[in-house]
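Student: Okay, here's what each chain looks like letter by letter:
Number of protein chains: 2
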Amino acid sequence: MTFRFDISARDGRARSGTIHTPRGDIRTPAFMPVGTAATVKAMMPESVRETGADILLGNTYHLMLRPTAERIADLGGLHKFMNWNRPILTDSGGFQVMSLASLRKMSEEGVRFASHIDGSRHMLSPERSMEIQRLLGSDIVMSFDECTPFPADEKVARASMELSMRWAARSRAAFGYRPGHALFGIQQGSVYRDQRAESAEKLRGIGFDGYAIGGLAVGEGQEVMFEVLDYAPPQLPDDKPRYLMGVGKPDDIVGAVQRGVDMFDCVLPSRSGRTGQGWTARGPVNLRNARHRDDPRPLEEGCTCPACRNYSRAYLHHVIKADEIIGSMLLTWHNLAYYQRLMQGLRDAIVQGSLDRFAASFHARRAEGDIDPI
Amino acid sequence: MTFRFDISARDGRARSGTIHTPRGDIRTPAFMPVGTAATVKAMMPESVRETGADILLGNTYHLMLRPTAERIADLGGLHKFMNWNRPILTDSGGFQVMSLASLRKMSEEGVRFASHIDGSRHMLSPERSMEIQRLLGSDIVMSFDECTPFPADEKVARASMELSMRWAARSRAAFGYRPGHALFGIQQGSVYRDQRAESAEKLRGIGFDGYAIGGLAVGEGQEVMFEVLDYAPPQLPDDKPRYLMGVGKPDDIVGAVQRGVDMFDCVLPSRSGRTGQGWTARGPVNLRNARHRDDPRPLEEGCTCPACRNYSRAYLHHVIKADEIIGSMLLTWHNLAYYQRLMQGLRDAIVQGSLDRFAASFHARRAEGDIDPI
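Residue numbers (this note's numbering), protein chains in the order written: chain V, 420 to 793; chain D, 420 to 793.
Just so you know, these hints were derived from the structure itself, not from any lab.
One thing to keep in mind: the hints can contain errors.
Given that identical chains are not distinguished, each listed pair holds provided it fits within a single copy or across any two copies.
[Said to hold, decoys possible] Straight-line Cα separation of at most 27 Å, DSSO-like style, residue types lysine-lysine; simulated pairs:
(1) LYS740 <-> LYS460
(2) LYS740 <-> LYS499
(3) LYS621 <-> LYS659
Start from the sequences and build out the full structure, keeping to the hints where you can.
Tutor: In structure tokens, the structure reads:
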């Protein structure tokens, strides 16, 4: 069985469909929880599945350092290692190496760096990134690129984009022929429409199974991001999945889906869950706040996750204040469930041709803010 | 429905039976996982139940300070608050106040102290402890006592025991008449047989629904503990449950069951799980050790807990080294499952009249040590 993307409905620029893979289908628009070090933090993988996730993201940079891709391959691959038998997308390591590693040395060949864990020396290049992602057994492999920093002037952005395009061609060559596994290219070009177009053209020429929009969610803000998303997705092939990396907040996702994006990943629901933040249809709620101390109501009425089904805001407040692990477990579960519910709502709205109405309702409920204190 | 203890089988001094409570039956010998701050750390309560636990222990000292017993009562009681609808035993707070609180001032009335969390001033007495445990909704209430330190000379031990006996009478009076709820007395007397006998006699005179053997597992070592357990349990009423507080390691439990103890609690399986220690029939295993790094085998062959069913030792090693929460979740689950399996084995052996053979096999497997490295 091969990798295939079927679009079953459209609403404006938005699309809903299914990415078919040998390990299972991915309903789009899709949100991918992040399983950095072979675990979605504070969650059992079967619980991640229960929230509605069809696919996880794994981080090449973290896994190559610990426990190493070779070790994971010897143990039967990442799916078996972490007990997740559905699709996994791995990033290329390019982004994390720039944000986490030290002693970085960039060249045409790739990046040499020292591990943030133990200082050991490593190298990432298109060829090495493809090798690692193959060893992990990734279903959707990302080509190795440089995430252009923001802001970047036109010259810097162009040099970075052109390097990424040469690396994209080398990634494609190194990936080879692997039926059932997909390789995605990554568009760069910062906030410059002509560079985005040129990058898209080059990627089309190389040919990928899907296309990511890179270099966004790096501090430019939602307004600028949406400006780029007004023109970048249509520059990419219509019949392939489009993936906006590292995005984002719920309202980022709604706006990006309206602009034609099919896939997302972000640490926000899991990371903010570990700090006591719960995401609801009425916006984020800080459970550390003393106003929840005596509140017998669930975090979000109608939510069927264990945190909302079995516990009060008072309990969540208590366990978060007491630094109890169950606080992270419950809020991460809720947040991932909320994100998947949002994605299901977006998919349903696209199928029903009511995406604008869905988005208006989404913004209206957000504007209400959290329920009044008891 | 009232509280009732039925002994269904005996083997030597050991007994197996059922404690009936309105919230459910407790199979004995029983191990009670510790849910200090309204959570068994790193576990969902439904997962604790899956390990086979019939009852949890809650800590009066921790809960009275945060979130407070009054708040838990307003929210519907501890069972509802923490989503555990089966029996809960609460300790009296006497032990923790001596080990955790500061600025302690003991008197005949009780103990005044400052919270280890925020320095706020509180008081615990027999009457206040009974009130807190009632507010929590505890099914099995422990009388308020002083845990005699070890070592204590005969004079110190006697004064402490006599104070605890006066407090036991006050606890009984303050507890009142609460059908379906049980009050346990606590035997003291350190390592002095005559004092233990005198304490038991006084407790019998007051009359309790169950009897704890207090003042052990406080540094005296297994040999001394077993010496006391050779005579202390038979001093207590035969037809009531006997509870050895804060015990213990698996071999402590086996030896105590052979000596007539029915109930246990200990933080060891949960606490050691969070530091990377897994308990198996062949003894404790330190998963941090590098010898597990490439080991594809489960922590314990044949164990049906998620850690053993779904993961390799290599994975457990990885997530513990990486300080991932799932490491605590999986090892705590395994350890609690191992403890409950041990208790089931003890219960079955008593019913079959083969407890000595069970104990011999237990010690023989322990002596083998962990499986050889791959």
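Student: State for each hint whether it applies.
Tutor: So, going through the hints one by one against the coordinates:
no.: 1; hint: LYS740 <-> LYS460; verdict: both (19 Å within a copy, 14 Å between copies)
no.: 2; hint: LYS740 <-> LYS499; verdict: between (35 Å within a copy, 19 Å between copies)
no.: 3; hint: LYS621 <-> LYS659; verdict: within (15 Å within a copy, 81 Å between copies)
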